[in-house]
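Protein chains in written order, with this note's numbering: chain A, 1 to 200; chain B, 1001 to 1820.
Quick caveat, the hints were computed from the structure, so don't treat them as lab data. Misleading hints may appear alongside valid ones.
[To be verified] Which residues of chain B face chain A? A few of them, derived with a C-beta cut under 7 Å, are:
#, residue
1, 1011
2, 1058
3, 1103
4, 1170
[Unchecked claim] Over 10 Å on every C-beta distance to chain B, these chain A residues come out as not near it, computed from the model:
#, residue
5, 15
6, 34
7, 38
8, 42
9, 47
10, 48
11, 59
12, 61
13, 72
14, 76
15, 83
16, 132
17, 186
18, 193
The structure presented is a predicted model; accordingly, all values stated were derived computationally and were not measured. Virtual Cβ for every residue (Gly too), placed ideally from N, Cα, C.
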Amino acid sequence: MQWETTTILLEQLRDAESLAWQRFAGRFRPPMIRFAQRCGLTEEQAEDAVQDTLMQFVEAYRDGQYDRSRGRLGSWLFTLMYNSVRSHRRDGARAPKQAPKAIDRTTFFSAIPDTDDAKQVWEQDWEQHAIQTCMQQLRSEVSPSHYRAFELMTFRDVPAIEVARQLGLSRDAVYQARYRVLKRVEELRLAYNGVEELTT
Amino acid sequence: MSGHLSIGELERLRADEPADERSNERALDDLRAHMESCATCKGRLNELDQLDAFAEQVRELASPEQPAQDGALQIPGYELSHEIHRGGQGIVFAATQVSTGRQVAVKVLLHGVLASQKQRMRFEREVDYAARINHPNVVAIIDRGTTRDDRGFFVMELIDGPTLDGYLETHRPTLEQRLRLFTEICDGVQAAHQRGVLHRDLKPGNILIDQSGRAKVLDFGLAKDDLADSVTIARTVAGEFMGTLAYASPEQLRANPDAIDSRADVYALGVILYEMVTGVLPHDMTGPIDTVIRRVLEQPPKRPSAIVPKLDPDLDTVILHAIEHDPDRRYRSVDSFRADVLAVLEHRPIMARRSSAAYQLRKFAGRHRVGVLLSSVVMLGLLGTLAGLSVGIVRANAANRIAEQRRLEAETELEKQSMVSTFLNDLLAEVDPGQSGPDMRVTELLDVASEQAGDQFGPYPDLRGAMQLVLGETYTRLGSYAQGEQELLAAIASLEAIEPSPSGSLAMGYILLAQVQTATTRLVEAQSSLDQARSHLDRLGASIDQAAIQAQFAHQLGALYYETGEFDRSIEAYHRSLDTLGDIDTPEQKKLASQALIGLGVSLKRLERFEEGLDSYDRALVYLQEVRSPNHPDTLACLSNRAEVLNNLGRAEEAEAQLLDLLERRRVVFGDTHERVGITLNNLADSLRARGAFDEASGYFDEAIAIFRVSPGDPSLRLAITMHNAGVMHLEQNQLNPAQDRLRDAWETSKAMLPEGHWIRAQFGTKYAECLMNSGQHEPARAILEVTYPELLNALGEDHRRTLFAKSLLDRIAQNDTSG
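Could you build all of it, start to finish, from the sequences and the hints given here?
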């Protein structure tokens, strides 16, 4: 199964009729939800905030406002998401129509991390989800025995010779499998972040 | 030293790992010497160092959970050692069973896999079923439970060996060895099916090969009922579940869980065999997900022989038959698939259909044990009917047509006769009655006929319609209701296209359709089909044909009234059917009379008029002995019902002997997993239960339930009845927990299948209420009885023992209230 790179997804997103929107949202919603909840939003608020952010992004993107040369997709979404989180926190506590204000550290907004902290949290979640998504894709691409070879070596520190015995492979094949898996995850992660095209 | 170092060699250098003496690895010193002088290899060594940093990041962000250190993951009775596999549903750990010191594998489900109570119950049930599969080609389940942090887990035997794909890659077995290995996989899956467990996620990664080279299938039925949901998700979340998609059947890809039965596993096995034989998957899985799914759903796979030249063409056919898009066109069971693979191995003819109709028909006919099995009798009956068609239809239609048309018909009659004759010749060609072999089921033959009926008689809708009618009737008689209905609808469409409409045939078409609908408990639809039949019958003049159709109409009405619980009307309708037939002289009349008498017997039994019922069956048997073979479905049905009524009359030993004999015959005729076998198993079990032979009964109940759980079509009501009977057995032994589970499931299923007020669902509710009362739950029992008692009163009358029983339960609760 060919990996749908974020660049391809973004290209398809230009077409308002495309189903790419669903796939785009499916790919990036999980870390955004997690981030929103870590910033103190309830599950429902987080869902709303993420939905708003994704909508905002798509509108801006279709308007041609997203300039990839100015930064990664993740950073762009962070800015939108962070604003959305603050806005939802505010709306959750005050009258819904009140005009947005800057963060007031002395009131209930204190639970929200400042931009730097938030950014750090965001990047951690983003990166974790990116790797996990890539790993999932990877498992559909490599044979189960090769994946297992990689898994046993990387996560369990099982020596190559032992992995080879367990899986009925040669030691060389085990090392080769680990190498290819890692190179491929590296590639996939770049593609996830919309940084680079892939050849598949 | 020549050539650059391989990745493995570079890694060995980095880790300082000496050469393995048993392999032809190069010595470390040689590698070092090469390194000194090779800039390329030095560069690659640097690359590996950098990759380590990335590996560390991956390890940190995507590392599977650590067992044991996390208190939540402690599992009483087991010491977890290390993770051996991680899948979409859970993580498998190697562990030691403390009590025995035995090495086992423990699969812990991920959080959220069993989110709802319903999912949890289903999981537990599935594991219990899977645990009963005791087969050398299935990884045995030893234990199950819940972790402290509320995750489901189960314990399996630990297999030391690679997965199927790893094994193929390293051992490179010959084609013959691969096919033998594949039949072992089939054995394991078939054993599970016989226990009522579907796999739903068969793939090479779920098949292990142990040290002795034996295949072991893993992870049966366990919490994978949401595969269809997974596919839906896969459409939106790129990259998920893709490993599974290649083996998912089209009905799974369409996210249609209701359509998934044992044939989904047949499909997955077909893909696995395709891959084992060709080394590639049947469909190209590259490209965007939607495109891939569309490709799988729409495009036929390449013939395996196009990839592996000189492949036995029969193997081509077998593989492609297993991965047909339409489940109805696939092998019906893993057993028949396996039998064909074995046939290829042993250079015997296969059962699967080839594209050339004449070839496949000859092959079928050649393997058919004429005169031995019922199937041959049915087949010959079918052929006999077909032989009469050209004359009969032309005759019937001629009466309604003007002279001009008669002339045209006369001209075409010869052609029609010739077509029928060709069709029959093809079917019978090369029949060798002496040749025996694995059973051939008549349904397989019907499939061939059905495939051709659509186009073989192209220019003559009357002939085509009549053909389809016969096929529909035969399928229906064999209990293949889905195919039966399909043929009958096609027949009706063909016949309705004729001007003027052939009312007799159409009436027959609707009567048969009503039969299917009644058998699948779609009673309102059945009533409407009978209304259609009646309107066609009204247009027929009086004739011998008309009397026969009227008799069948009355018969079907009797069957419908039986299902709606109107037994008096049902008996009346059956009597009318017999009366319409008049003097019962001809074989045709005897056949119809025997059917009416069987129906009559069943309704009489429901009214507990057992002696009359027995008399009715005995009369039917007299006719059946004259006009039907001992293994004909009607004969078997009559014997089955007769046994039941013998039981009711307290003649249990006679009943059981008859049921055992019947069970054997039905196994021969229909195959081990057919629902008719299930019915006999249930009846036998219930008879054993009635005389307290609970252990024997239990095995038969389990087998029946297993059959109904996986059989194609819609046998839910039968499943409910069997679960009810099994529940009653537990209740009689005071095993209240299993009794409550079974009786509740039976009641819930009957509620989904039957209209409000139906006596069966009222009866099931009542029995469930009794069970609740016995476990002290009086209030919920009362709530149920307040609904079911009036229903029984209304459906069966106040003197019926079931009504009286419900009343007695309510009285007991009232007394309890007073005394309490």
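Okay, the hints, checked on the actual structure:
1. 1011: With a closest approach of 4 Å, the residue 1011 of chain B hint holds.
2. 1058: This interface hint holds because 6 Å falls under the 7 Å limit.
3. 1103: The hint is violated - residue 1103 of chain B has no Cβ within 7 Å of chain A, the shortest such distance being about 13 Å.
4. 1170: holds, 4 Å
5. 15: With a cut-off of 10 Å, residue 15 of chain A remains clear of chain B, as the shortest Cβ separation is near 13 Å.
6. 34: The assertion about residue 34 of chain A holds, with a minimum of 13 Å to chain B.
7. 38: The claim stands: residue 38 of chain A keeps its Cβ more than 10 Å from every Cβ of chain B (closest is about 16 Å).
8. 42: holds, 19 Å
9. 47: holds, 16 Å
10. 48: Correct as stated: the minimum Cβ-Cβ distance to chain B is 19 Å, above 10 Å.
11. 59: holds, 20 Å
12. 61: holds, 18 Å
13. 72: holds, 17 Å
14. 76: Fine: 20 Å to the nearest Cβ keeps residue 76 of chain A off the interface.
15. 83: holds, 26 Å
16. 132: Residue 132 of chain A not clear of chain B: closest Cβ-Cβ about 5 Å, inside 10 Å.
17. 186: violated, 6 Å
18. 193: holds, 14 Å
Taken one by one, the earlier hints fail for this structure at numbers 3, 16 and 17, listed in ascending order.
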